[in-house]
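Asks: Sequence order for the protein chains is A and B.
Using the numbering used here, you'd call the opening residue of the first sequence number 1 and step up by one each time.
Using the numbering used here, you'd call the opening residue of the second sequence number 1001 and step up by one each time.
These are calculated hints, taken from the structure and not from any lab test.
Treat each hint with caution, since some may be false.
If you only want the chain B side, here are some residues facing chain A, beta carbon under 10 Å, derived [unchecked claim]:
#1 A1082
#2 D1373
#3 A1455
Okay, the calculated bits of chain A under chain B, using three or more residues with CB under 8 Å as the criterion [claimed, not checked]:
#4 41-49
#5 57-65
C-beta atoms are modelled at their ideal positions from N, C-alpha and C, and glycine is treated no differently.
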Amino acid sequence: MSYDYLFKIVLVGDCGVGKTQIRNRYTLDEFNPQSKSTIGVEFAFKTVNIDGNEVKGQIWDTSGEERYRAITSAYYRGSVGAVLVYDVTKPKTFEALENWASQLRQYADENIVVCVVGNKIDLPTREVSTAEAERFARGNGFFYMETSALDGTGVESAFRQVMKKIFEIVDSRQQARKKTVRAGSIGKTRSIKLTDADDVAEPSKFSSCCKQM
Amino acid sequence: MSSAAQIAKLIDEFPSDAALEAYVSQYHDLVGREDINTYVRNLAINVKLKGSKFRGLAWKIYLRVLSPARETWKSDITTSRAEYRQISLKFGNKDSSSFNGDPLGTSDICPDDSWRMKFRDEELKSLIRQDVDRTIPEVAFFQSTKIRNLMCDLLFLYAKVDPKIGYKQGMHEILAPIIFTLHCDAAATQHLSSVGRLPQDLLLISNGSELAADCYIMFSKVMRKCRKWYIDPEPEARDATSELEYYIRDVYHNHLKSVDIELYRHLERHHILPQVYAVRWLRLLFGREFPMQDLLCVWDFLFATNLEMVSSFFVAMLVGQRVLLLNDDAGNILSTLMRYPSPDDVANVIEQTKTIEKSRHGLNFAKTKKNIDQKTSQVINKISDIYSKIDKGIKDIVESDAKPVVERSKFDFLLKKYEEQRQMSLFCAARLDAAVQQLSSLGSAVDGDTMVSVATVKQVRDFLCGSLKWKDMQKHEGAIHPATIQWLNKQINADDNIEEAEEA
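If we strip away everything but chain B, and leave its shape as in the complex, we get (with noise of 0.2 Å):
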């Protein structure tokens, strides 16, 4: 089968049958799979959508603007079409003659505050504006007149929904590449609708002139991931750190420690502070270290692993110039990360943040593993503790028979220590419930040995709270590993050589 960028070449060149053919085959290729949703991510996570004209189409089930089955595709779209209308009519533009009152006055005379809000309105758009004609200026697209209103009033009326960020510079650049992407798709469909005949979905899909709505409602997919670092701390709030810096900060100081230590160290002790480049990164979505084309295939990738991935992404960049960072001195460090090299394949800096991501999840197992290992042998202790004190007691009891009027208190306070240790025992095994769970949602990435101490951490839960009982465990020979009986008799055993010597 050609490639996409095959594909798309002919469809620019040739609106031809043979192009249209290619088109609509790769449109089935695409979404007539049972499974559309895994095999499109694979697509993105392998950087085989480079030049594809459908990365709008994919970058739509990404982002779950589509579903994953295609029957509802039709109902999904008109939904979040309508939507959007619905937003527009209220927060777009509207014109003077709707408002009320006098626009000199000041509130205590003007009846609504309509005129006050158009005022702050203009000021938000000349503000947008600002940024939106200074748009990937090495992109030809981005200088038209009518690309720019669009991102002008997308950009507004996302201020307005969300008024909490309202528009912060390089939003911008957040929308420029989704309007690139969708415009692209659109009009692949509709040169080719000039040929012959498109499937009924696609053309609803790919509509040229929904492009401001499918654009919006993209874009607002995108930015409730990003959003959080466009937060500004409380301006009361004197020490207040933004979401954005304790993100950068988790990422340097735990993610890429526990990556690369050597090259960790290395940026330390050069005092090279994340946030002077990574702010940037972050906020762009890397939009800015990579030229266009590339940058799609990184977004590719980052919107098929639902933007979960852009940490491992973060780290695979700087040790993707490892060897230059550490040969470097602050100056050139600095200089490195603020005008990243362009990577001679992108999809090196892919594959590495596979990889990175891969070994995060191993080491997470690991500790949890860990976790698990020392909570079990935390619960075998009290459980050995609780008997050897209800054996205690007993014994206690049983001697203390021959005066019991004067040992009455001793019983009372016996009994508040039996339920003391129930309710730890019943807490235990919650613990321990909560701990499975967390082990189980590991599920095919466990071994065999894990397999087993979960088991037996399982027996243990069960039995803490009561539905497995001793005498059960003890009938059955091998339902406690000998070892373990072993170990518990030793146990009790100390106890009560240690609580003789006591009371000795």
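So here's chain A without its partners, still in its complex pose (with noise of 0.2 Å):
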């Protein structure tokens, strides 16, 4: 299938909080109550449509206690989405976020979309209240959803705006680019990052991955 953009999402958050059920749920719409925990980092695509144009997304999960440099800058490496997750039910998986965020501020693109996400609202324990964590998204200059792995709640549209907020920026910047460089010079089809320079030059790591799957 092809496609006109690829887009690298990553999430992030403590172990346990449903990163990788955020994950199937959104890419196999499916929610396995057995999965195994995360060792190193994993990935899957989705491809959806914005505004008319196939965008592919390639969402990395990663294991909630790998703090191995090695993994964490490739990890981080060309995305330009972020999914932070927490459990709604566990107040210590809320507040572990500031550490994400400041992992995220060292590694990520400074341009990166970032949505906090709650997960886990089906059950009934909740202990962390949406304002709290709205406050918190706020205050950091991301945005807020809430989600259930379990019964899908929240996760596709969690994903949709994120890569709405990021085709948004990709595409102002090629308006705006349209009026200095001629017509045809920059391959529709290919990976994006979101600082400027990037954009034209050297093709980032998985740019090969934007001719046909």
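Fit chain to chain and form the complex, with the hints in mind.
Replies: What follows is the structure in structure tokens.
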């Protein structure tokens, strides 16, 4: 299946908040209560249509325990979107978002689109309020969504919003460039980086997977 | 003889006299040998333990839980189980009545920090539990509460005993196949002990009621080799690279490159970072890359080779998929490596590993030989240098006899120079000696030419350290190869000519 854009989106958050479940719900529309703990990294693809463009999301998730720099930098490299996940029934995982956000600032592109996601809202034992989480997200310039990977609530729309925002950034930049760059000099099908200079420069790491899939 | 798998089937389906007989005879076949170690090791290397009811026993031998001598097994196993019991008593579950002080107190008020420790332990336990509950869900064995509790206890214990590592995600999947294997062994033994008599040492070693102890011991043996892949770099050091990363880089940039340059270049061209897939490969000892029964064969092989072929196995996995990988682009390459295609027969990957390992030794050997050749010629150069200087020194002394007072300082200088050269000779001799040791350790792998060059090196070494005298060497015709003497003379003459020219 061909596509016009490739967006790399990373999932981050503590162990057991449901990163893999969110990825599986989004890319496969399934929830397996017996999924294994993620060791290292994993990824999956899903293609969606945004404003008439085929946009392929490459969704990565990593072990919440992963502190190895070896993986960290490879993990964030080339990512244009991030989903910061916590478990609404475990305040500790919400408090940890501070650390995850700072790691994001350290390793990811400064223009990365970030969505904070409160997961497991299907559980009755909620302990972190929506207002509190929204405050955190706004304070950091992120946006906030709530999900249940179990029943699927909010997952699709959280990713759609992230992709849409990335697309808007990319699109507006292309519009601006059209005035200065002659048409045809940039191939439309390619992976996207948010930093302007990189857009035309060397194709990024995953550029070759843009050809066809 | 029936294959291990056939016997296993027999045992499982018909716990009869026939099954008992087959089981006991297989046991005797395994252990009633002079060299149990080599025999059992070969079984694993040739992928002959598939479905065996003695796989756990074989692992115990590979991992040195049991020594190669059967007579000491009883004491081996009793000692290690006693060790486990001690550790378990020291760190295992304690009930809260043994804790003093106020649980809500801080360190200032609380006389001892056992409560704080307890809270930390509870946190650790729930972290472990979270992973244990997600262990290999496709295998029903791991759904059992009893097994899960056992896993939690053992992982907790290990974390306490090895606090530098503690518990890290992935360790649970190192432990899981160990428990599975030892449990299967013990279940078969128990099963058949109800039919008839079994050998005493088998009953002792493969004992279900000692499962916890035996699993713990084996797990710590495996972790001794794998723990380096779980160590975090120091948090203060910003650019610290973990041992795991070093290892992966070495396998990828050196080992793979030397084995399959085309594949290496292809992966490089597509910017495939090996750590993206390899962290999981190594930390779980390839646990997620193969179905359980295949994985056990892989571990048979890795354990039997003392976990020294992990790197070659890693490369074999890459090379095994080279056709697919060479025709893939970046996205598909990563997909292939992160969801490794199930091999038709895992024995092929193991065969490939053996081939790679062999060629690796060949390469190393060629390298060593080249190094020694280089060193030899360096040493010969130095010898000729020494002799030309000594000759010149003597000549100078003889000539300077007429005016001894003036040349006293020159004489001292030459003495100093001579001493320096002697030291250098001794140093070179020591270096050559190390090289000889290294070459000798290659044993039967050495060919005739190399034997000759080792002999030459030895001769040069003896000469340098003074145990072989120059005049002795000259006395025996053929002690030095005529070509070498010719070459030496040429060198000395050349040096003389140069120095004479300089003086002129």
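Asks: Confirm or reject each hint.
Replies: Hints, one by one, checked against the model:
Checking B/A1082 against chain A by beta carbon gives a least distance of about 34 Å; that is not within 10 Å, so the hint is violated. This hint is violated: B/D1373 has a C-beta 38 Å from the nearest C-beta of chain A, more than the 10 Å allowed. Restraint check, B/A1455 versus chain A: the minimum CB separation of about 47 Å is more than 10 Å; hint violated. Coverage of the segment 41-49 of chain A by chain B holds [criterion: at least 3 residues with CB-CB distance below 8 Å; count 4].
As drawn, the segment 57-65 of chain A meets chain B at 3 residues by the rule of a beta-carbon pair under 8 Å; at three or more, the given contact holds.
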